[in-house]
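*Asks:* All chains, full assembly: derive it from the sequences and hints.
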Amino acid sequence: MPHIKVPEGVPGIRSLVMFRPETGKPLYELAQILLRGKSSLSEAERELIAAYVSARNNCMFCMSSHAAASRCLYGDEMDVVDDVLNDMQHSKASDKMKALLNIAGKVQILGKEVKPEDVAAARATGATDKEIHDAVLIAATFSMFNRYVDGLASFTPTDPAVYEEMGKRMTEKGYVLPPPAK
Amino acid sequence: MPHINLGNDLPGMRGLMAFSPATAEPMNLLAEILLRSNDGLTPTERELIGTHVSYLNDCFFCQHAHAAIACHYLNSDKELVDDVRENPAAANISNKLKALLNIAALVQNGGKYVTPEAVAKAKQEGATDKDIHDTVLIAAMFCMANRYVDGLGAITPTDLSTYPPRAKQVAENGYGNHIFSAKQPTAQ
Numbered sequence: 003m004p005h006i007k008v009p010e011g012v013p014g015i016r017s018l019v020m021f022r023p024e025t026g027k028p029l030y031e032l033a034q035i036l037l038r039g040k041s042s043l044s045e046a047e048r049e050l051i052a053a054y055v056s057a058r059n060n061c062m063f064c065m066s067s068h069a070a071a072s073r074c075l076y077g078d079e080m081d082v083v084d085d086v087l088n089d090m091q092h093s094k095a096s097d098k099m100k101a102l103l104n105i106a107g108k109v110q111i112l113g114k115e116v117k118p119e120d121v122a123a124a125r126a127t128g129a130t131d132k133e134i135h136d137a138v139l140i141a142a143t144f145s146m147f148n149r150y151v152d153g154l155a156s157f158t159p160t161d162p163a164v165y166e167e168m169g170k171r172m173t174e175k176g177y178v179l180p181p182p183a184k
Numbered sequence: 261m262p263h264i265n266l267g268n269d270l271p272g273m274r275g276l277m278a279f280s281p282a283t284a285e286p287m288n289l290l291a292e293i294l295l296r297s298n299d300g301l302t303p304t305e306r307e308l309i310g311t312h313v314s315y316l317n318d319c320f321f322c323q324h325a326h327a328a329i330a331c332h333y334l335n336s337d338k339e340l341v342d343d344v345r346e347n348p349a350a351a352n353i354s355n356k357l358k359a360l361l362n363i364a365a366l367v368q369n370g371g372k373y374v375t376p377e378a379v380a381k382a383k384q385e386g387a388t389d390k391d392i393h394d395t396v397l398i399a400a401m402f403c404m405a406n407r408y409v410d411g412l413g414a415i416t417p418t419d420l421s422t423y424p425p426r427a428k429q430v431a432e433n434g435y436g437n438h439i440f441s442a443k444q445p446t447a448q
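If you read the sequences in order, they're chains A and B.
Take the position in the first sequence, starting the count at 1, then add 2; the result is the number in the numbering used here.
Take the position in the second sequence, starting the count at 1, then add 260; the result is the number in the numbering used here.
Rather than coming from a laboratory, the hints here were simulated on the basis of the structure.
Source: prediction; values computed, not measured.
Ideal placement from N, C-alpha and C gives every residue a C-beta, glycine not left out.
Do not rely on the hints blindly, as some may be mistaken.
Quick list of in silico lysine to any residue cross-link-like pairs, SDA-like style, CA-CA up to 20 Å [what the hints assert, rightly or not]:
hint	chain 1	residue 1	chain 2	residue 2
1	B	Lys390	A	Glu10
2	A	Lys94	A	Asp81
3	A	Lys117	B	Asn265
4	A	Lys114	B	Thr416
5	B	Lys338	B	Glu432
6	B	Lys383	B	Thr422
Label-pair distances were calculated between CB atoms; the ranges are [to be verified]:
hint	chain 1	residue 1	chain 2	residue 2	range
7	B	Asp337	A	Thr130	41 to 47 Å
8	A	Gln91	B	Glu292	56 to 62 Å
9	A	Lys40	B	Asp342	40 to 46 Å
10	A	Thr130	B	Asn437	36 to 42 Å
11	A	Pro159	B	Glu292	29 to 35 Å
12	B	Gly267	A	Arg38	20 to 26 Å
13	B	Asn355	A	Met3	21 to 27 Å
14	B	Ser421	A	Glu79	50 to 56 Å
15	B	Asn433	A	Ala126	39 to 45 Å
16	B	Asp342	A	Asp78	55 to 61 Å
17	A	Ile111	B	Asp337	33 to 39 Å
18	B	Ala380	A	Ala183	21 to 27 Å
*Replies:* What follows is the structure in structure tokens.
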């Protein structure tokens, strides 16, 4: 049960931004820019970074929903999502994605864990400064979202079909603030 | 030295925001609402929560930047700010703020560490649902900001006398893209 009185039956972050739309607006705007804005990383890749960090933070809601969005965006190549979530280093993700996911994993632990070697390894695979920046900020942002969602014990559906639908909506509509709670 | 070429030499978060103004905008908007609202929690209490979480995350820039802002609001009561930053349980603050700082510290560990007991304690001390919401989100926001700043190796001034002028600027003008686009304040 959620720690505070949020709209009943509404899952995850959606229930929280309906409780407090003033903070919900910039939160959704940040997600939209980071995951859907102009970038040389694909939307599928950015959703995968989000899902990977959420898995490491043990946030079931964020992991399931962003993994579903990433699968939907990868289409025929959706296998890579579960492959990365199971064992990133031995997955079939590109070397560049692995290097960026490695940085994201370090950020998930703490900012200082990112070492010059991690950044150099990413550069060696062709990652640009903007891509490294985005990987760090996506990982940092999900270290916030995961804590927000679980820190208030928001409702976490367990039916995979619910997340598949959610992933489709996130793919088609992006991050749109729901109407505030009555 | 920052891990990427930021194209500027601004300290901490400011340098990152100047590199990426598009993401800076919602981040500043979020900070403005969460840290400057006077609804329930005061701006001072909000900054103290951010300061304590940044201390727990060992982020030098953020803990000193936000300690300086709290200090500005508290008419330079640096001793109180230092007490809260490092050990809120023993600080001379209300039981309500202590209970909320305890929740913030649990969030810093991870969302699932927040227990119904910790929330019940805060409610018992008079915290509303909105106070608890804002505390959790402030703590979560600093877990983002601290990781962003240190994860990219942002420039971190070690001279603590450079922090109060920037704190004064934020206290007077709020959070917004002006913190990296306007002339940087320096000591008189």
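*Asks:* Given the hint of 56 to 62 Å, is the C-beta distance from A/Gln91 to B/Glu292 inside that range or not?
*Replies:* violated (40 Å)
*Asks:* Has the hinted range 33 to 39 Å been met by the Cβ atoms of A/Ile111 and B/Asp337?
*Replies:* holds (34 Å)
*Asks:* Decide if the proposed pair is consistent with the structure: B/Lys383 and B/Thr422, CA atoms, cutoff 20 Å inclusive.
*Replies:* Violated, at roughly 38 Å.
*Asks:* Regarding the pair A/Lys94 and A/Asp81, is the alpha-carbon distance no greater than 20 Å?
*Replies:* OK: A/Lys94 and A/Asp81 at ~9 Å, within 20 Å.
*Asks:* Does 55 to 61 Å hold as the CB distance between B/Asp342 and A/Asp78, or does it fail?
*Replies:* Given about 57 Å between the Cβ atoms, the range holds.
*Asks:* Starting from the hint 20 to 26 Å, judge whether the C-beta atoms of B/Gly267 and A/Arg38 obey it.
*Replies:* holds (25 Å)
*Asks:* What's the verdict on B/Lys338 and B/Glu432, does the C-alpha distance respect the 20 Å limit or exceed it?
*Replies:* holds (19 Å)
*Asks:* So the hint says 40 to 46 Å: do the beta-carbon atoms of A/Lys40 and B/Asp342 match that?
*Replies:* The hint (40 to 46 Å, Cβ to Cβ) holds, given that A/Lys40 and B/Asp342 are roughly 43 Å apart.
*Asks:* Can the suggested window of 50 to 56 Å be confirmed for the beta-carbon pair B/Ser421 and A/Glu79?
*Replies:* Holds - the Cβ-Cβ distance for B/Ser421 and A/Glu79, about 54 Å, lies within 50 to 56 Å.
*Asks:* Confirm or reject the claim that B/Asp337 and A/Thr130 have a C-beta distance inside 41 to 47 Å.
*Replies:* holds (46 Å)
*Asks:* A range of 21 to 27 Å was offered for this pair. Does it hold for the Cβ distance of B/Ala380 and A/Ala183?
*Replies:* For A/Ala183 against B/Ala380, whose Cβ atoms are near 23 Å apart, the range 21 to 27 Å holds.
*Asks:* Per the hint of 29 to 35 Å, is the separation of the Cβ atoms of A/Pro159 and B/Glu292 within bounds?
*Replies:* holds (33 Å)
Hint compliance for this structure: hints 6, 8, 10 are broken, all remaining hints hold.
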